[in-house]
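Enquirer: The chain contents come next:
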Amino acid sequence: MVAVTSSRTAVVTLPTDTQIQITREFNAPRHLVYRAWTTPDLIKRWWSGDRGEVTLADVDLRVGGAWRYVMTAHGSFEVGFHGEYREIVPNERIVSTEVYEGAPDGEAVNTVTFTEKDGRTLVTILVQHSCQEHRDAHLNSGMEDGMQEAMDHLEQVAVSLD
Amino acid sequence: MARAATTADAFNAVAEPRRRQILDVLAAGERPVNDLVTLLGLAQPLVSKHLRVLREVGLVDVRDEGRQRMYRLNGQPLKPIYDWVKNYELSWTRRFDQLDVVLAELNEKEHEDGRGDE
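So the sequences go chain by chain: A and B. Each step along the first sequence adds one to the number in our numbering, with nothing skipped, and position 152 is 152. Each step along the second sequence adds one to the number in our numbering, with nothing skipped, and position 78 is 78.
Careful: at least some of the hints might be erroneous.
The list that follows gives simulated cross-link-like pairs (lysine-lysine, DSS-like), each with its CA atoms no further than 30 Å apart [what the hints assert, rightly or not]: (1) A:Lys44 - A:Lys117; (2) B:Lys79 - B:Lys49; (3) B:Lys109 - A:Lys117; (4) B:Lys109 - A:Lys44; (5) B:Lys79 - A:Lys117; (6) B:Lys49 - A:Lys44.
If you are wondering where the hints come from, they were derived from the structure by calculation, not from laboratory data. In this text the structure is predicted, and so the values were computed from the model without any measurement.
With the hints as extra help, turn the sequences into a complete structure.
Expert: Rendered as structure tokens:
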């Protein structure tokens, strides 16, 4: 319903009141996408986007194993996420719980699916929240990130005026 | 906290799954109310009630054609919802841009290793 169509853009849709779905195609076979998705040293290189540095990426990739990522947003504040793996099908599917440590009540269940076609991989992340309130708060956190970026850009502009 | 009225804005109007279904049908083109009743399998008073909510927030327009009332989608009020989601989308887009860089490297390494085996 709500989507942007461009192969370079992550496409976010809201399939139900309690879900968020994110899809994106990558120019690589799925075993490589899976590797980049599950290897701590590689996760550290992409997971924060351009919003900071990943200072911790713990991955205990087995059913019942824990994961935790911590990001320092441009040296200012830390944000942590953690959860537990519930289902692992190598190169195909990972189901895990996710808790944003800033709002620990809202545990979500994430299902990540890797589908390969002609050497390219479609990644689909389905985020299932327990209620709409938590789903909406999750989306709003993206809004705050946007605000943070805006403030950072403002800071850059301010510095360049010196 | 009291729930906001369904007619307050598009966010509340589309919170109801049946109303989103109506919008999905109308996205394909203008329809008389009878078509919506058939397609959704709902009683006509219920469909009319949903259409009234959608009209009040401006998501559907209506016109009379002979004895029929024709309903069509007006997407403009969906813009704030789109903008809201787009911000979240942007953070994933940036994250995936970085992942592209990592994948390009892995791809290259694998090709080099592949050649080494030959």
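Enquirer: State for each hint whether it applies.
Expert: Going down the list of hints, with the structure as the test:
no. : hint                : result
1   : A:Lys44 - A:Lys117  : 27 Å, holds
2   : B:Lys79 - B:Lys49   : 23 Å, holds
3   : B:Lys109 - A:Lys117 : 21 Å, holds
4   : B:Lys109 - A:Lys44  : 19 Å, holds
5   : B:Lys79 - A:Lys117  : 33 Å, violated
6   : B:Lys49 - A:Lys44   : 51 Å, violated
Violated hints for the displayed structure, listed by number in ascending order: 5, 6.
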